[in-house]
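On the provided structure of chain A, position chains B and C as indicated by the hints.
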Amino acid sequence: MADASSQIARTVATAPPGPFREFWSSFKENRGAVIGLVIFASFLLIAIAAPLLAPYTPNAQFRDHLLQPPVWEAGGSWQFPLGTDPLGRDMLSRLLYGARFSFLIGLVVVGIASFFGVVIGVLAGFAPRWGDTLIMRVMDIVLSFPSLLLALVLVAILGPSLINAMIAISIVLQPHFVRLTRAAVLSERGRDYVTAARVAGAGPIRIMFRTVLPNCLGPIIVQAALSFSTAVLDAAALGFLGMGAQPPTPEWGTMLAEAREFILRAWWVVTFPGLCILVTVLAINLMGDGLRDALDPKLKRS
Amino acid sequence: MLSFLFRRLLTFLPTFFGVTVVSFAFIRLIPGDPILLLAGERGVSPERYKELSEQMGFDRPLWAQYLEYLGGLFQGDLGTSFVTKKPVVTEFFALFPATLELSICAILLAVALGIPAGVIAAVNRGKFFDQALMTTALIGYSMPIFWWALLLIIVFSSGLGWTPVSGRISLMYFFDTPTGFMLIDSLLSGQKGAFLSAVRHLILPTIVLATIPLAVIARQTRSAMLEVLGEDYVRTARAKGLAPLRVNGLHALRNAMIPVVTVIGLSVGTLLAGAILTETIFSWPGIGKWMVDSIFRRDYQVVQGGLLLIATIVMIVNLSVDVLYGFINPKIRKG
Amino acid sequence: MPLLEIRNLSVDFATASGRFRAVDGVDVTVEPGDLMAIVGESGSGKSVSMLALMGLLPWTATVTADKMEFDGQDLRSLSARAKRQIIGRDISMIFQEPMSSLNPCFTVGFQIKESLKLHTSLDRRQRQDRAVELLELVGIPDPAKRLNAFPHQLSGGMSQRAMIAIALACQPKLLIADEPTTALDVTIQAQILELLTGLQQTAGMAMILITHDMGVVAETVRRVSVQYAGQKVEEQPVEDLFDDPHHPYTAALLAALPERATGKHLPTIKGVVPGQFDRPQGCLFSPRCAFADERCRTIVPPRQPQALGQALCHYPLIDGVPQKSQEVTA
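Chains as they are written, first to last, in the UniProt record's numbering: chain A, 1 to 302; chain B, 1 to 335; chain C, 1 to 330.
Treat each hint with caution, since some may be false.
As the list claims (entries may be wrong) - Pairs of lysine-lysine residues, derived as BS3-like cross-links and limited to a Cα-Cα distance of at most 27 Å, are as follows:
1. B/Lys127 with C/Lys83
2. C/Lys270 with C/Lys324
3. B/Lys127 with A/Lys28
4. B/Lys85 with B/Lys50
5. C/Lys67 with C/Lys83
6. B/Lys331 with C/Lys270
7. C/Lys83 with C/Lys117
Bear in mind the hints are in silico, worked out from the structure with no lab data behind them. Since we're looking at a predicted model, the values are computed, not measured.
This is chain A alone, in the form it adopts within the complex (with noise of 0.2 Å):
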């Protein structure tokens, strides 16, 4: 199927851009947005080439080298360049392996929160206004909650670990993604491809999930991209209260909540944990303008 279009597209000169190419010269007009992909990419490789990266396994301990400055300040030494944590543990070696818990954390919250919001979002859209009303209410009391406090107690009734945590974020998530969904939706379905599509006699399944949904992608990929930003800081505040990733894992949240009763005397080892923090979402998110602006010019929100 690609090959063929891809020779349509070579032998007429005047064929117009496939949707991909479209988005793509509107996506790299935007110079923030494709720093923000550059730096993700980067993220990402270092996620995958962890292992190959790192000097050390994130929870090697040196004795001797308890709170070990970083590589340019005095007392700091080409062992580790980024110091090491209280625990004599080399701070880079665990920020490169935080990369991967990260994009974990990351790909499944989008993954289970789109997933269900979009199937319950696309079900409100279609079903008889009882239903709807009841799904949306449901969602409007979740949303009642701010989101950490939700996921705090979430994760008090499921206990605390990693994977809870991400099952909670997930929750808190979802309703954006139905209301979202459903927005779009109602939008779409009086539209007259999809009476064609009736008339041509395709059943409600095929109606709801292959003629609207594909229709109605482009503000829920946004969702997902700024989804995964809250997801990633979300996940590192439940981190630092204590009610993420568990010690040792070198979850950058977690790494934040072990460093601070050293603040005062360690610098590094509560301004790196955060700073890739900020630097992931901060690429998330200048991504997520550029997806925006290249596939819904009308959806504005911050």
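This is chains B and C only, laid out in the frame that chain A set:
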């Protein structure tokens, strides 16, 4: 307007009942025996267990328990803390002013800086100033505020020694707190330096809590202004010979405020979520820290009651925002 | 001395795909108390040239002119602040969409009095009286009450009347009316035009009416300037223009009037105004002109003398016949 209010109230009530169900379900969803959980790590004697079981009504069917819970709610009874033995409602209202004071300061800061920043960025669209402001806003929007708080403490508290690390006021001062707002109470106390101390304690938590709303408001103001600046009535205002400040700051901004107010209202939820982290880091004795502490102490009666009260506040604020929205948008007010 | 004199006005827009010239070397002269029309299709640059005069174009526009004088003052050299003293007081403008031209968040009264506060020394009380008087002048019933109305509570016709009241607030010397009736119902259109011409006469101000409707022009104005694709193609007193249009485009516009149609079908001008990418080489109208030949398509046409309506044409029409002999004499 009245019918609009009425319709809005109609969606408020079912949501409120939903929230009561969630908070009711909370204790029963925690795996393990609720009474042992409630009692925490100290455990209970068998007699006390039976007594508690009857007192809490865990021996009756769920629907009866829920009705009793609702009945208690309407009499202002949200249960009793297992740790302090005080009613949850009493504790909540003792701590709430601290959170309110911090939140008000933060939202004022966010609005006072965010709206001008958004307007300036929109008016200078595409120029250096716009890009610099919006890059800063995006960094603020992406900020892990718990880390931001620690950085500020490193620089301003331990590095420069300008601001205290935690609490609401220096331990040197001791006075009654009739209003619960430290800024007001310290003034009322008449003690020298007390007010200044309260302000110095407020600065860092306010900045930390304001960061994300500030970024969101600036971004939203900019995009709303960009939309409005292309409208015909802005051209009319310029055709009158009005100065740019009046055209942008009155004619355009007044219209751009309609979506911005919604965002400010929505940031109350963000603010309460942020308060959890901010209060924990700065040992600010408000409801955010109270909730986190209670979760760690397994004081689940408090968590249950706090959850309900906080959600109710968020819902009331959202409702007020809708009313305010109708008020600043003449099309709804008189339509 | 003319009230307004503009020579060789050009406006360029910077777009994503390069520069676009929306107005190309236009001259406008308006005497005090004059009543003229600028006529052209959508995209002919007629609004843009007037917005350029008012300084209302977005920052993507570059305005150049050899001369731009109003009431003896060179508008090009004035500071922005000094220019704002003139704009809104001596020159005011009303727009095509009355419903969206009034600010939805403020009452009509506020929007009228705002101009008075800026440009006059009237006190609060006098401004209120003047606002009532203005609403009465533009024919809004129950003016004192309407001052407190929000724009969405007014109909389109009422909104345009309110806009006119704002424009007249400081007794301008020149009123620019940019398609003031296009967005209104047919029945209201005549009322508003009548109101405008009546006010123009009683107030003794000059007025420029921008329109695409030749029918409106015939009944209203004294002088007509026809624009096409950013250029002025002809200018004549209105009777002469209707009697003997010299530019083929003017002739085609007149032929398209229902009143003048002779056959069963209304004649139309085929094609559209050229845009950024399909600008012809020679005469800009040549692709749509019934009389165009090779010369028209390759060579930029000359400006004809006053007697021929300053037509921008190789072969200006006289009594509907193109003067091909020009080619020989020239």
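Taking the hints in turn, this is what the structure says about them:
no., hint, verdict
1, B/Lys127 with C/Lys83, "25 Å, holds"
2, C/Lys270 with C/Lys324, "23 Å, holds"
3, B/Lys127 with A/Lys28, "19 Å, holds"
4, B/Lys85 with B/Lys50, "19 Å, holds"
5, C/Lys67 with C/Lys83, "15 Å, holds"
6, B/Lys331 with C/Lys270, "43 Å, violated"
7, C/Lys83 with C/Lys117, "17 Å, holds"
In terms of the numbered hints stated before, the structure departs from hint 6 and from no other.
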